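Asks: Spelled out from the first residue to the last, the chains are:
There are 2 protein chains.
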Amino acid sequence: MRVGYLQFDPVFGRREENLERLGRIARERARGVNLLVLPELAPTGYLFLSREEALSYGELFPGGPTERFLERLARELGASIVIGFAERSGERLFNSCALMRPDGSSSVYRKAHLFLDEKDWFDQGDTPFEPVRAEGTDIGLLICFDWYFPEVARVLAIGGAKILAHPSNLVLPHCPEAMRTRCLENRVFAVTANRTGSENRGGRSFSFIGQSQVVGPDGKVLARAPSNGVDVGIVEIDPADAERKDPTGRNDWMKDRRTDLFGKLLDR
Amino acid sequence: MRVGYLQFDPVFGRREENLERLGRIARERARGVNLLVLPELAPTGYLFLSREEALSYGELFPGGPTERFLERLARELGASIVIGFAERSGERLFNSCALMRPDGSSSVYRKAHLFLDEKDWFDQGDTPFEPVRAEGTDIGLLICFDWYFPEVARVLAIGGAKILAHPSNLVLPHCPEAMRTRCLENRVFAVTANRTGSENRGGRSFSFIGQSQVVGPDGKVLARAPSNGVDVGIVEIDPADAERKDPTGRNDWMKDRRTDLFGKLLDR
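Protein chains in written order, with my numbering: chain X, 1 to 268; chain H, 1 to 268.
No lab work stands behind these hints, which were simulated from the structure alone. Just so we're clear, the structure is a prediction, and the values are computed from it rather than from any experiment. Keep in mind that a hint or two might mislead.
Because identical chains cannot be distinguished in the list, a pair is counted as satisfied if it fits within a single copy or across any two copies.
What the hints assert, rightly or not - DSSO-like, lysine-lysine: derived pairs with alpha carbons at most 27 Å apart:
no., residue 1, residue 2
1, Lys119, Lys245
2, Lys255, Lys119
3, Lys220, Lys255
4, Lys255, Lys245
Looking at chain X on its own, in the form it has when it is part of the complex (with noise of 0.2 Å):
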């Protein structure tokens, strides 16, 4: 199976423009992938000035431009393909990412942990850590500042996970190490397409730190893109890697937990 992340700069708010140079890029450069992984808000950009304008960003999924985006590239590739977009339902407004599958079928997962000012621009995320099915294997989504929060990935992975799927903006240096850790910890590959360039917009500055990645159920960095510029990763990797949780013969990461210790300590 082969996993990959494709890494851009979006231009603030030209969605259709966004969207077109993002299939060109998939379309030259993520041929013969399974799952593709792009950006956190990829047709958007990031810095909204306020909800009202996020908002007005905000699209329905399935009915709007991304959706229709994804379905077309998704059948045209033969791939399963997560992208990050800003969901509107009703007059809730989401940060979520959306999985399609080659046959246009679809999840969505809305963002748990919303990251500063993200708190004013959308909702908290809804969503039951509950891995997705594509291409024969199981997907845990998450977006982002999700990462920082242990107990993410381990309950995806704890539901089945073999591969975390994550579009993220990120401006902190930290989260390419610690995903090392994230997979070490909970033996699954990890696919974390970022983006890069920078926002300015209302008197604020934004700077993303690239480096999107892949990594594998051992932390070690199979593949991973420059801090700045476009980037194509993909990696022949096989989920089943993810499903020996014990390398040593002695240790199972999972059972070994003892949640007859923490297990209650950890709802507090």
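Got chain X sorted already, so can you dock chain H onto it with the hints?
Replies: Frame of chain X; chain H shown alone:
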């Protein structure tokens, strides 16, 4: 407050000699410390050949030679000291660590997650993951492989731990970098005291990776020992830095946890 590690290479089975050497190094190089962490199984070494052999090195706490050593050293240095040792309790044997305060009072933690053949030598720990008080702050005790399970540091931090004291006998390469993630995700300090050298017994060989360290709540390595040899690293810290779970002003790393979405799933 001054916290630090003492890294050294015990000789297997020579408890009296190892303790005497630990005391000498501590008196020479750790004056003025408030919390000093020594390695796992520091008095005896690691590579037991059988449970019977391990039991023969088991000692009562309080009441054994390591307790007497610790009591004297903690009083003399005016510091709290953490050390790993084989603890006998009736017919049970634990891979434990003790924290000894200058006033002679102590707390014991029994390792919950046994690594490889430790499962043949020791009983699984039964200590709840609750921080202990020392030096005016809250200390979380965990031993070596416990780091691998994110629940351990998480539960200790939720319980109020500001500093993780982490006696270790690390053989895998991952822990030093991964502890940065543990500190970052929980915004706590961690003092990992590892051993160095190798043991060759019964046709088996273990090499220990050193790299003892102190890490801050921002994931920064404040001191790190080399891979080999004796080292003492002491750092001035303010445990109050571990109380600020919200360095950005918008994200409290603890309160933002979506326990409503993942709480019960972690009990599985």
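Asks: Treating 27 Å as the Cα threshold, decide for Lys220 and Lys255: within, between, both or neither.
Replies: within (23 Å within a copy, 31 Å between copies)
Asks: Between copies, within a copy, both or neither: which fits Lys255 and Lys119 at Cα up to 27 Å?
Replies: between (36 Å within a copy, 14 Å between copies)
Asks: What label fits Lys255 with Lys245 when the C-alpha limit is 27 Å: within, between, both, or neither?
Replies: within (9 Å within a copy, 31 Å between copies)
Asks: How do Lys119 and Lys245 come out at 27 Å by Cα distance, when the copy is not named: within, between, both, or neither?
Replies: between (36 Å within a copy, 17 Å between copies)
In summary, the structure agrees with every hint in the numbered list given earlier.
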